[in-house]
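Residue numbers (numbering that gives the first Met the number 0): 0 to 375.
The hints are simulated quantities; they were obtained by calculation from the structure and are not laboratory data.
There could be a bad hint or two in this list.
What the hints assert, rightly or not - List of simulated lysine to aspartate or glutamate pairs, EDC-like, C-alpha gap at most 20 Å:
1. Lys95 with Asp43
2. Lys140 with Glu127
3. Lys250 with Asp309
4. Lys230 with Glu127
5. Lys140 with Glu203
6. Lys315 with Asp27
7. Lys253 with Asp209
8. Lys239 with Glu296
9. Lys250 with Asp288
10. Lys95 with Asp52
11. Lys241 with Glu191
12. Lys239 with Glu300
13. Lys351 with Asp309
14. Lys182 with Asp224
15. Lys253 with Glu242
16. Lys253 with Glu201
17. Lys351 with Glu300
18. Lys173 with Asp76
19. Lys173 with Asp209
20. Lys140 with Asp43
21. Lys173 with Glu210
22. Lys183 with Glu201
23. Lys78 with Asp27
24. Lys78 with Glu88
25. Lys253 with Asp27
To be verified - Ranges of calculated distance between the beta carbons of each label pair, as one might list FRET restraints:
26. Gln360 with Tyr199: 43 to 51 Å
27. Ala328 with Ala54: 26 to 34 Å
28. Glu131 with Pro373: 36 to 44 Å
Here the structure is a predicted model, which means the values were calculated and not measured.
All residues carry an ideal CB built from backbone N, CA and C; glycine is no exception.
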Amino acid sequence: MRYYLLALCLWVVGCQRSISTKESATLDYSHIPSKKGVCWVGGDSISMHNLVDLAETGANWLSQTPFAWQDGIHNPDLKMETIRVWWGEADRGLMKTTRLAQAQGIKTMLKPHIWIRNANGKWRSDLEMKSEADWDEWFGKYERMILHYAKVAEHSGMEALCIGTELHQATVQKPERWRAIIKKIRDIYSGELTYAANWYKEYEEITFWDELDYIGIQAYFPLSDGNNPEKTEILQRWRKHKEKMHDISIKYDKQIVFTEIGYKNTSDSAVEPWTWPQNLDKAQVIQSDETQIKLYEAMFESLFHEPWIDGIFIWKWFHTTHQYESYEAYFAAREARFDSLRRVRGWKDRPKVYFTPQRTQAIEVLKDWYQRQPLD
């Protein structure tokens, strides 16, 4: 009986080693993503030390996000404003930020978004016109907007352009319109092109990935069904998501870039990573830096060395303005403003949570991985 148990134990250990070896064999530790990025927050100004600080983390890319606006999800009257907006989202701010970033060896992806006003519980992924005439009007205005930003990106030497973000209904219903837009962009812009697809269904249903340089995914995948998950559970959930992404990568022979990915420092951050802190029930918000740290560790351990993944953009990255000499001084003033808002809105007891690694030890996880070099 003892010999039988010993043999059984050796067989189990051998199987575990075989599985581990098989998983490790799929990773190329000489590979690291070429795009180690952050999603830059457009402010009212910028100082050079902001880019110096970013470069010191090991980041070599940032994305910038100007906006167009639409009143409701069925309204074809898409509006673009490139001057009378927040400085960091206006053309002049986008171009200056790009120049300062390039001086620090940091590349730029321009990533326009649509902001839906009067959304009534919907969001841009639900955007859908009610007639062909409305689709024609909407696409005409969208094309005008994205071709404008293609010119901005080309003029300022931005290295990548994201042609759209989370427009699920528009992409799956009208792929031929997107192919036509991509062709016109190529006539203007010489850099890399991608599209930022939502993690839920959209990236799997888009059919024009072959026209782009890589597959972009807004990677807010759910990674647990409960609060305070163990890292082993998070890693297991990543395996399931990776299988589907790898299949798409093989199908189109394109690498994947996570155009957004990030986690709040809350106990439930793994359940719905996409939920903004402001939208959480204040009675149920439990601050958990530990959960945020485990999520960042599991993300990097799962994704960083996969050869079919070539980029990560962390949501999101705050910086100082010209008024403050350091990030700490800027954030102290920002927190003071939010404290006033908490009092006015009755948020006095709400924990201070962040959709960024900058205010917790998760930043050390990011630095550790972003500063790594490929293993020979």
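Here's how the hints hold up against the structure:
1. Lys95 with Asp43: holds, 12 Å
2. Lys140 with Glu127: OK: Lys140 and Glu127 at ~14 Å, within 20 Å.
3. Lys250 with Asp309: holds, 16 Å
4. Lys230 with Glu127: Given that 20 Å is the threshold and the Cα spacing comes to 39 Å, the pair is violated.
5. Lys140 with Glu203: violated, 26 Å
6. Lys315 with Asp27: violated, 28 Å
7. Lys253 with Asp209: holds, 8 Å
8. Lys239 with Glu296: holds, 17 Å
9. Lys250 with Asp288: violated, 38 Å
10. Lys95 with Asp52: Distance of about 17 Å is within 20 Å: holds.
11. Lys241 with Glu191: violated, 24 Å
12. Lys239 with Glu300: Holds, at about 15 Å.
13. Lys351 with Asp309: Judged against 20 Å, a Cα distance of about 33 Å means the pair is violated.
14. Lys182 with Asp224: Not satisfied, since the Cα-Cα distance of roughly 42 Å exceeds 20 Å.
15. Lys253 with Glu242: Status holds; Cα separation ~15 Å.
16. Lys253 with Glu201: Holds. Lys253 to Glu201 sits at ~16 Å (cutoff 20 Å).
17. Lys351 with Glu300: Roughly 28 Å between the alpha carbons, so the hint for Lys351 and Glu300 is violated.
18. Lys173 with Asp76: holds, 18 Å
19. Lys173 with Asp209: At roughly 15 Å apart (the allowed maximum being 20 Å), Asp209 and Lys173 satisfy the hint.
20. Lys140 with Asp43: violated, 27 Å
21. Lys173 with Glu210: Between Lys173 and Glu210 the Cα gap is close to 15 Å, so the pair holds against 20 Å.
22. Lys183 with Glu201: Violated - the C-alpha atoms of Glu201 and Lys183 are around 23 Å apart, more than 20 Å.
23. Lys78 with Asp27: violated, 45 Å
24. Lys78 with Glu88: Satisfied, since the Cα-Cα distance of roughly 15 Å is no more than 20 Å.
25. Lys253 with Asp27: holds, 17 Å
26. Gln360 with Tyr199: 43 to 51 Å: violated, 30 Å
27. Ala328 with Ala54: 26 to 34 Å: Given a distance of about 20 Å, which is not inside 26 to 34 Å, the answer is violated.
28. Glu131 with Pro373: 36 to 44 Å: violated, 50 Å
Going through the hint list in order, the structure does not satisfy hints 4, 5, 6, 9, 11, 13, 14, 17, 20, 22, 23, 26, 27, 28.
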